[in-house]
Amino acid sequence: MKTLPRTDVVIIGGGWTGLLMAKELGARTHLSVVVLERGAPREAHGYLTDMDELDYAIRLRMMQDPSLETVTLRHHSKQRALPIRQFASFLPGTGTGGAGEHWQGWCPRFSPDSFELRTRTLEKYGAQRVPEGYDLHDWGVTYDELEPYYTRAENLIGVSGKAGNLKGKISPGGDPFEGPRSAEYPTPPMKMPHLAEMFRAAAQSLGLHPYPLPAATISTAYTNPDGVHRLGCAYCGFCERFGCMIGSKAQPTNTLLPVIARQKNVSVRSRSSVRRILHDRSGKQPHARGVVYVDDAGQEVFQPADLVVLSSWTLNNTRLLLLSEIGQPYDPVTGRGTLGRSLTHQVSFNAAVAFFDKPLNRFMGAGASGILLSDFDADNFDHEKLAFLRGGKFEVVASGARPIASFGAVPGSVKARWGSEWKKAALRYYDQNGAIFFSGEHLANRSNFMDLDPTYKDHLGDPLLRFTLNWYDNERRMAEFSGPKGLEMARAMGATDTLPFGGLQNYDATRYQSTHIQGGTMMGASPEESVLNPWLQHWDVPNLFVLGASSFPQNPSGNPTLTILAQTYRTADAIVERYLKKPGPLAG
Amino acid sequence: MRRRQFLVLSAASIGGVLVYSLDRQAFRLAAEDKSLRIPLRFFTQDEAMIVAAACSRIFPSDESGPGAREAGVIVYIDRQLAGPYGRDRYRYTTGPFEEGVPEQGYQDQANPRQTYRDGLKNLAGFDRLSPAEQDEALTKIEETHFFRLLRGHTIEGMFCDPIHGGNADMIGWQLIGYPGPRMSNLKDVDQHFGEAFRPKPASLQNIFGKDTKLSPSEDEK
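Protein chains in written order, with the numbering used here: chain A, 1 to 588; chain B, 1 to 221.
No lab work stands behind these hints, which were simulated from the structure alone.
Being a predicted model, the structure only gives us computed values, none of them experimental.
Glycine is no exception: its CB is placed at the ideal position from the N, C-alpha and C atoms.
It is possible that some hints are incorrect.
Said to hold, decoys possible - One-sided excerpt, in silico: chain A residues whose CB lies under 8 Å from chain B:
1) Leu73
2) Ala88
3) Asn506
Claimed, not checked - Mimicking EDC-like on lysine to aspartate or glutamate, the simulated pairs with C-alpha atoms at most 16 Å apart in a straight line are:
4) A:Lys415 - B:Glu142
5) B:Lys213 - A:Asp50
6) A:Lys169 - A:Glu184
7) A:Lys581 - A:Glu184
8) A:Lys424 - B:Asp62
9) B:Lys210 - A:Asp306
10) A:Lys358 - A:Glu197
Chain B extracted, bound-state conformation (with noise of 0.2 Å):
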């Protein structure tokens, strides 16, 4: 077993991120002194602040609003990439793999661990970069399949429900106004015409409680 790995960032750059323990109870990482040290499931710290620093620049906190970093799309990120989805569970993975046209999809053999790992590899020092040094660096990569992977997950970090590690304090959903899965709209969908009807956002365990058995797919064998 690899030694166990801990995000390790700056109390400064990050308010507090929620998290879920593997046996989904929800704990806020408060700072402890000037850092915060998130467990890591998949990536290990370096490669961790690697893809944290590249979000942050997909997604950048700026004059807009939060992004990346406030979300805790890296904590999404490690734990898709340590569950099924990261080892492709869910995709035909039998060969032949031959080069095919791009509308054939995807047909390399490398599932998503594996193209960060080897992603990563050309992204040595990148966390040490400057902003536009950063940039550079991205736009070189910006046609692969791994930096296609890195923007649509952290999308998806940044927009997904609480209970799967990014949008933190729905932190995503309150930049767009997204109230989450509202259970009814039926007096308000006819209502509200020209002008932004904004309920306060709920996620799945502040609707259902705590005690309801939700199963993320991160989780799964």
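Extracted from the complex, chain A is given alone in its bound form (with noise of 0.2 Å):
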């Protein structure tokens, strides 16, 4: 196997996570540093001509082929386990920019409450309260430690929003739920389509508090503070699973690429897919030595590197530390190991479909042009009389109805499904539908977790995530209370009719729920309890950083992106004002 040159910091991945550090390295130090990304290169000026639903969004060209590696799935361990053959319930990215290229541009913080979830409830609640089953975790780092990094993200991506927590100052239009926020978004909301519009006066109408979504899919021409400029949204509605076309949806390649291209100190080779990270556990701290990875010959190659920083998005984080076995990897009868546990998803599903009598002019819209509320998430209404800890966020977005994908939506009373009824029904009601969307907490399970498959394998021989994955009482419980609201919510849109949620049955591999899946490294303020300490670093190996959503202890309900974007910044600079003055554990 060939060695190249050493390189003071390797990065694996090349998505947000990856390119943020890698633009921070190399602003703020003279280290050399090397991005590894596993798919092809690409550019923030190769979207034009794609507007193609069938091959974009239906085919999934932007996605990771399943055909060289997918995971597998079982509902408990005593269940075998199969390869999802191809994505559909979540969509992981590859190429350069990673998912952050297809992505919605939703941009929420996180409440506050969140991230001390165990402690506040446990104060609050007791815990009897604690359903079977169930970890609650505190992730180690509190809102307030987060916050700066919060406005900085926002800041990178130009977020378009309206405060609803200015400085402790609670202010109408904004979302009155919010941790206090130290600054205004830095652009205003987007546009309204009438769908979103129409669940605005609903929601206030019941007397609940709806605010526009925070979005990366800008409202106006932003220019952010690293001198990168974007124009605003043009609303054509090819956002998620595509890459935007005019570069107003912040993604790695127009807002990180342009800084790191001017950066003689950092580089990014695509088509180099690690497989090994390479570690010496002789000496008192064990440390990693480099990674070993697959170049764009197809040949084997080893990088030697002081510092690694692995951000590879949750499942090739948790599948790259078990493969490397750096670690202890969790049993769920034991209880033991960190590694793998506190795997969760989000739970997402239509709590309504409304149809109405007037069109909605769908076509038009943005990934992240809706409104939402957060009367029934987090704490933040009252739990006394009810079965379940936490909550979900309410969603009408009028992302651009795209006609493959949303042809054939008919109300609960029209049960054919092709022919000539179906069809009438479904032309009827095309343009005169809309969801409303729940996003709910997913909290960690202990029989929810990732370890490595035993039978099945990707292109290269190694075998692939396994998932142990299904919902329990919380979340169906939770799926049980939020049905009945969007009903309420779609009728004082003004439905003429609805389709109503089935109910939350096994985890389904086949449904498009949402591409956030957390957990198997969690952070966490105890090397007993988590994989990384508050600053991502890994607690046995401290030249070992791992970046992203595989650090989430649970799933607090809203997308994840922003707040990892916040941790990366955070961590960012624990590195250049901590970690390479004296470089070594820090916590401790």
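Mind assembling these two chains? They're in different frames, but the hints should get you there.
In structure tokens form, the structure reads like this:
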């Protein structure tokens, strides 16, 4: 195996977190930084002719190719895990920018109490209210500690929104439940299509607190602190599953690559697929020596490095540590081990589909042009008589309906799914329906975890990652609560007919929910409980940092990207200001 | 190499189909005398007649407007099956193949081509049945993987960009008032509340011109 010249830093994965770390280290240090991206190169201007629903949104042209690598799924430890042969319930990315290229652009902050979930819940409700089988965790970082980094992440993207809590002062039109913000959003809220305005009016009539969705599909032209200029959104409706044609949706290629391109000490190697992190256990303190990867010529090479940053999304972060035998795999029987534990998704579904008697012009919109409310999120409502903890956000987003995926929605009264009767109903309602979407917290259950599959392999012969994942009481009860709420909101919007949610059954790999998979390398305040310390540094291997939602101890209902970016900024500060001056554990 | 196959349709049943040759040149198949000859990439003519008839029952041409026949859905499906999708280029096809629970997703070895070939064995003579008999035959198979594919492909062929062979003349988009991939809705997105705003449809080739390099997935190796 060829050994390449040593580099100071090797970064595994060229998505949001890996490229943000590369940009920060490139700008603030003289370190040599190599980013290894397994997929093909991409550039910001490569999307102009790609508004093709079939190839992008249906055939998933931008996503990870499952023929090379996928994950296996079983609902519980006694079931046989089988490969998810085509991605559907979540859509991992690949290539420069990763899933950050084809995201939808929702940028909520997490509720302050979600970072101290265990402490706050036990204080208020006592241990007896924690449902059977669940572990609640604190993150080891608080909202107040993260707030300045949230602001930096919002400024990086230019997030469009309206503050609800500016330095403790509640301001109307924003989210009154949000944590105190040190600054207003960098750009004003997006224009709202008809469907979203209908939801805002309906929510107000119900005494709820609707507010504009914080959006990375920015409302107006914006220049960020790095001098990167982007245009305002044109509401073409090709956001999620696409790269932005005009670059108004913040993506790693249009927000980070322009800066990195000018940095002489950073290089990005695409088609470079990392197979192992090599580490040395012989000394007092184990340390990572570098990574082995398959390069674009198909050759296996060793890239030595002093500092290793693992930033390859939840699946690969967890899998690479398992394959590299770094850390102790979680055992659900004994509860010992931390690597792979706390696998969570997001409790996401259409709480109700509403049918109307007027057209909505739904082809117009953007991934994040919508209205949401947090009245039933986190601990913002009275749980005294409820049989579950936490909650979720209700959202109506006019994201630009595309015809293949949108055609065929009919009220519950229409039973046919093909033929004339179905066609007529589907035509009638094609532009006269809208979903009230619910995205709820998914708490960590002791039965949900990741490990290596004993049977199925990737194209290189390495074991696939195995999900053991199902829904349990807290999610099911939350769904039973939110379905009727969605119907109530649909009626307040003037729906003439509805399609209710059918309830959560087993975890379904064939139904799209969200591309938010968390856990596996969770962060926390103690090495017995977590893989990473509060600076996202590996507890056992101090020259290894792990970025992304794999660090989340549980899913806190909102979409993860903004928090991931905030955490990456915080880790970059810790590396530059503390670690480089005195390499070693930052906590302990 | 197999003998070149054509789908021959009566000109009375179809107005003329816009199709794309392998080098992406759009051409309209005009009626020659009383019939149309459409070159097929995957199906035999007999198979194509059956699939076209089945798609027409799934998405019929009726008093509510045109359907799968006018949109050229059969041309779309033929090209999809001939391309990488048809042979499962982008599915995890490593064994062992085991029966799972439905929530684990489709687990069989058969790729879409094989699924069609197997499914069509049960529909011999389908195109010569009466509409009521055809509906009865489809109802019998509506829980099968083959039917799920057929239904999904019919919707895709109705509403895809015409570059893929379906939605001929944007007839599917016109049916639902979808304008195609509009570059900007900035001036209109917060207007027209409560009334139908229906800009004239335009396809990718209308917008970007014939010379723009577009690479639909069915033409990949």
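Hints, verified against the model:
A least Cβ separation of about 6 Å between Leu73 of chain A and chain B falls short of the 8 Å threshold, and the interface hint therefore holds. For Ala88 of chain A, the suggested interface contact is upheld, since its CB lies about 7 Å from the closest CB of chain B, less than 8 Å. Of the supplied interface hints, the one on Asn506 of chain A holds, with its beta-carbon coming within about 5 Å of a beta-carbon of chain B, less than 8 Å. Between Lys415 of chain A and Glu142 of chain B the alpha-carbon distance is near 13 Å, which keeps this suggested pair within the 16 Å criterion.
A C-alpha spacing of about 11 Å is found between Lys213 of chain B and Asp50 of chain A, which places the hinted pair at or below 16 Å, so the restraint holds. The straight-line distance between the Cα atoms of Lys169 of chain A and Glu184 of chain A is roughly 12 Å, inside the 16 Å bound, and the hint therefore holds. At roughly 34 Å between alpha-carbon atoms, Lys581 of chain A and Glu184 of chain A are farther apart than 16 Å, so this suggested pair is violated. Between Lys424 of chain A and Asp62 of chain B, the direct Cα distance comes to roughly 9 Å. Compliance with the 16 Å bound is thereby established for this hinted pair.
The hinted pair formed by Lys210 of chain B and Asp306 of chain A fails the criterion: a straight-line CA distance of about 52 Å is larger than 16 Å. Under the criterion of a C-alpha separation no larger than 16 Å, the hint pairing Lys358 of chain A with Glu197 of chain A is consistent with the structure, at around 14 Å.
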